[in-house]
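Q: Residues per chain, in single letters:
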Amino acid sequence: MLAKRIIPCLDVTAGRVVKGVSFVELRDAGDPVEIAKRYDEQGADELTFLDITASSDDRGIIFRIIEQVAEQVFIPLTVGGGVREVQDVRNLLNAGADKVSINTSAVVNPQLVADASARYGSQCIVVAIDAKQTAPGKWEVFTHGGRKATGLDVIEWAKKMQSLGAGEILLTSMDQDGQKRGFDLALTRAVTDALEIPVIASGGVGNLQHLADGVKQGGADAVLAASIFHFGEYTVQQAKQYMSQQGIEVRL
Amino acid sequence: MVDIAVVDYGMGNLRSVQQAVRKVAPGANIIVTGEPDVIASAARVVFPGQGAAPDCMREIRARHLDRVIAGVVGEGKPFLGICMGLQVLFEHSAEGDTPCLGLFQGPVKRFASGLHDAQGNKLKVPHMGWNQVHHGDHPLWAGIAQDARFYFVHSYHVQPSDAGLVQATSDYPQPFVCAAARDNLFAVQFHPEKSAAAGLQLLQNFINWNPV
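Order-wise, the sequence lines are chains Y and B.
Going left to right, the first sequence walks through residues 1 to 252 as this note's numbering numbers them.
Going left to right, the second sequence walks through residues 1 to 212 as this note's numbering numbers them.
Don't take each hint at face value.
What the hints assert, rightly or not - Listed below are the simulated DMTMM-like cross-link pairs for lysine to aspartate or glutamate, each with C-alpha atoms no more than 20 Å apart in a straight line:
{"#": "1", "chain 1": "B", "residue 1": "Lys122", "chain 2": "Y", "residue 2": "Asp213"}
{"#": "2", "chain 1": "B", "residue 1": "Lys23", "chain 2": "Y", "residue 2": "Glu71"}
{"#": "3", "chain 1": "B", "residue 1": "Lys23", "chain 2": "Y", "residue 2": "Glu34"}
{"#": "4", "chain 1": "Y", "residue 1": "Lys216", "chain 2": "B", "residue 2": "Asp117"}
{"#": "5", "chain 1": "B", "residue 1": "Lys122", "chain 2": "Y", "residue 2": "Glu156"}
{"#": "6", "chain 1": "Y", "residue 1": "Lys138", "chain 2": "Y", "residue 2": "Asp153"}
{"#": "7", "chain 1": "Y", "residue 1": "Lys19", "chain 2": "Y", "residue 2": "Asp31"}
{"#": "8", "chain 1": "Y", "residue 1": "Lys216", "chain 2": "Y", "residue 2": "Asp153"}
{"#": "9", "chain 1": "B", "residue 1": "Lys23", "chain 2": "Y", "residue 2": "Asp193"}
{"#": "10", "chain 1": "Y", "residue 1": "Lys160", "chain 2": "Y", "residue 2": "Glu85"}
{"#": "11", "chain 1": "Y", "residue 1": "Lys160", "chain 2": "Y", "residue 2": "Asp115"}
{"#": "12", "chain 1": "B", "residue 1": "Lys109", "chain 2": "B", "residue 2": "Asp171"}
{"#": "13", "chain 1": "Y", "residue 1": "Lys132", "chain 2": "Y", "residue 2": "Glu34"}
{"#": "14", "chain 1": "B", "residue 1": "Lys122", "chain 2": "Y", "residue 2": "Glu249"}
{"#": "15", "chain 1": "Y", "residue 1": "Lys180", "chain 2": "Y", "residue 2": "Glu67"}
{"#": "16", "chain 1": "Y", "residue 1": "Lys160", "chain 2": "Y", "residue 2": "Glu140"}
{"#": "17", "chain 1": "B", "residue 1": "Lys23", "chain 2": "Y", "residue 2": "Glu67"}
{"#": "18", "chain 1": "Y", "residue 1": "Lys159", "chain 2": "Y", "residue 2": "Asp213"}
{"#": "19", "chain 1": "B", "residue 1": "Lys122", "chain 2": "Y", "residue 2": "Glu196"}
{"#": "20", "chain 1": "B", "residue 1": "Lys109", "chain 2": "Y", "residue 2": "Glu233"}
{"#": "21", "chain 1": "B", "residue 1": "Lys77", "chain 2": "B", "residue 2": "Asp37"}
{"#": "22", "chain 1": "B", "residue 1": "Lys77", "chain 2": "B", "residue 2": "Asp66"}
{"#": "23", "chain 1": "B", "residue 1": "Lys122", "chain 2": "Y", "residue 2": "Glu71"}
Worth flagging that the hints you see were computed from the coordinates, not collected in a lab.
Same shape as in the complex, but just chain B:
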């Protein structure tokens, strides 16, 4: 019995995600896998990812993971997307003009370059570091302070068509969506596995989450 599958499609290092999930679910059977059958059999699915959208989508399709992901989401299993695992759930990414999975409606756009903060300092892209997250009252935010800081590394951000999907925003310098959710699907732009206590709390909440 696989309790938690961490989806491996060859994009980036999944060890950090695995370590952090193990920390909050020490007795669970956690498997890092790209095998469609194993992912389909898991009770919960974590969908991380790093790198560029065209490469991610190519690897996902080459491994037939697009159908598996749609399948486990459709079955109502708790599903957590992280970083590129948020972005590729949307319809289309401006990064390499890439069609994505389309489980959420809306595009993925790049941060504008040449912007400055209120002090006149240049805002760098990628948006890298600890930023404040303004969140709603979804169960995955339980025990996490309003405006808690999480660790981000990304140059693109999602723009849901439906405001009802938005579960959190951050500012750089304009507000952008950093968490989206619907039913059993929850996805974040930041890295909970690298966000110290707040990140571990979110992962713990995911492990305890039983969406209806």
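Chain Y extracted, bound-state conformation:
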């Protein structure tokens, strides 16, 4: 049976892994290559790197990090942040990424998703959606790290991205991100039920029950978390054992 995936997420800037609350108050969590190796040893199913570097001068750093990780870690690697054109997708894949995550640029230029998936295959195109609740059962897409409203409905947007060739959706609740209160389960359920492609739940994990809830209540195909792993609260292996005890199929 197909296992639900657990994906540690590494937010990278200036060559370091950092983690903040709702995209601010950044805290240093260590060296990305060392952290990636540790999560691989703990049994992570995939790794996601988000380059949150603001300055374009420093954008070369992420390529060197991905190259080093890809030489040593043999699980799928997703990289996102600052992907604006098909050439950016190509450069990240050549550096060793298996999937590339597109967020703001998908809103600015939806054709990028179509072009990139036509050129490199849907399997390597992840569309990241940052969602904020606007009313019960309604969510709006935000871009630019959650700062800019788009007026787009999350469900409609996710369906459009699927039709343009996205292979997977990385769905982050901006309301929950960094709050450690758990995923927005209604959001996760609404999006996963609306799509044929896999959905990764993200934003808000504070304990292992939150991960299990994302799968059992949210219906997520994969769950993503950062700070509970970075700061040593739990290992990936502990998370998997906990989920297994809850009757969730995982790769142990």
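Position chain B against the provided structure of chain Y, taking the given hints into account.
A: Frame of chain Y, contents of chain B only:
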């Protein structure tokens, strides 16, 4: 002397395959190439691929790799297909109604949509993630536990006409063939280069494999 050629026909990223082969064969001369002569000269051939079947077959034919692949397989060289490198070895793919290489008999079909697992959750297409592989006793499974998990990403699956070709199956939710083999030819639907220890073991077994 080229020890291992990784066939490049412009479909997808081959760096992961190259890195993983290098990991299990550190001293080997590994070349990622689309040159027919170089592929033909290699002792072993790895045939990966991503993307859609029509694009893959168009690129393979445009580069005259169909003849080279048939040639190295016919010469008895160890040959490993991965993902689309499994599917295009069959006769025909439902993806874009595409005639393929026909080294294995049988079609390639899409997973049905709208299926659910035993818990009532919708089964997504593509089939993406780590699934259990029920395998036979081919030398490429040496040291790999029964029902070990490998990483998959695909929407289509092969249906060999001859059950004797089947070297492994997985379930989604019905059993489907995820490895096929004959003589010096072995091909898998999953990505050994992204399947952690089990995947590296399979690649190591391929490097050590001397089919008779």
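Q: Next step is simple, just say for each hint if it's right about the structure.
A: Outcome of the hint check:
A threshold of 20 Å between alpha carbons decides the hint, and for Lys122 (chain B) with Asp213 (chain Y) the separation of about 17 Å falls inside it, so the pair holds. Under the criterion of a C-alpha separation no larger than 20 Å, the hint pairing Lys23 (chain B) with Glu71 (chain Y) is consistent with the structure, at around 8 Å. Note on Lys23 (chain B) and Glu34 (chain Y): the hinted pairing holds, with a Cα-Cα distance of about 18 Å set against a maximum of 20 Å. Proximity of Lys216 (chain Y) to Asp117 (chain B) is assessed by CA-CA distance (about 13 Å); at most 20 Å being required, the pair is judged to hold.
For the suggested pair Lys122 (chain B) and Glu156 (chain Y), the alpha carbons sit about 19 Å apart, so the restraint of at most 20 Å is met. Distance hint between Lys138 (chain Y) and Asp153 (chain Y) is fulfilled; the C-alpha atoms sit about 7 Å from each other, no more than 20 Å. Proposed proximity of Lys19 (chain Y) and Asp31 (chain Y) is supported: the alpha carbons are some 13 Å apart, at most 20 Å. Restraint check for Lys216 (chain Y) and Asp153 (chain Y): the C-alpha separation of about 24 Å exceeds 20 Å, so the hint is violated.
About 40 Å separates the Cα atoms of Lys23 (chain B) and Asp193 (chain Y), which puts this hinted pair outside 20 Å; it is violated. For the hint linking Lys160 (chain Y) to Glu85 (chain Y), the alpha-carbon distance of about 19 Å falls within 20 Å, and the restraint holds. As the CA atoms of Lys160 (chain Y) and Asp115 (chain Y) are separated by approximately 14 Å, the hinted pair is consistent with the 20 Å bound. Between Lys109 (chain B) and Asp171 (chain B) the alpha-carbon distance is near 15 Å, which keeps this suggested pair within the 20 Å criterion.
Simply put, Lys132 (chain Y) and Glu34 (chain Y) have alpha-carbon atoms about 33 Å apart, too far for the 20 Å limit, and the pair is violated. With a CA separation close to 15 Å, the supplied pair Lys122 (chain B) and Glu249 (chain Y) stays within the 20 Å bound. Only pairs whose Cα atoms come within 20 Å are accepted, and Lys180 (chain Y) paired with Glu67 (chain Y) is rejected, the gap being roughly 32 Å. Annotation: proposed proximity of Lys160 (chain Y) to Glu140 (chain Y) holds, straight-line Cα distance about 14 Å (limit 20 Å).
Annotation: proposed proximity of Lys23 (chain B) to Glu67 (chain Y) holds, straight-line Cα distance about 14 Å (limit 20 Å). Annotation: proposed proximity of Lys159 (chain Y) to Asp213 (chain Y) is violated, straight-line Cα distance about 24 Å (limit 20 Å). As the CA atoms of Lys122 (chain B) and Glu196 (chain Y) are separated by approximately 8 Å, the hinted pair is consistent with the 20 Å bound. In summary, the hint linking Lys109 (chain B) to Glu233 (chain Y) is not supported, as the alpha carbons are separated by about 45 Å, beyond the 20 Å threshold.
In summary, the hint linking Lys77 (chain B) to Asp37 (chain B) is supported, as the alpha carbons are separated by about 15 Å, within the 20 Å threshold. With a CA separation close to 15 Å, the supplied pair Lys77 (chain B) and Asp66 (chain B) stays within the 20 Å bound. Taken as a hint, the Lys122 (chain B) and Glu71 (chain Y) pair is broken in the structure, with Cα atoms around 35 Å apart against an allowance of 20 Å.
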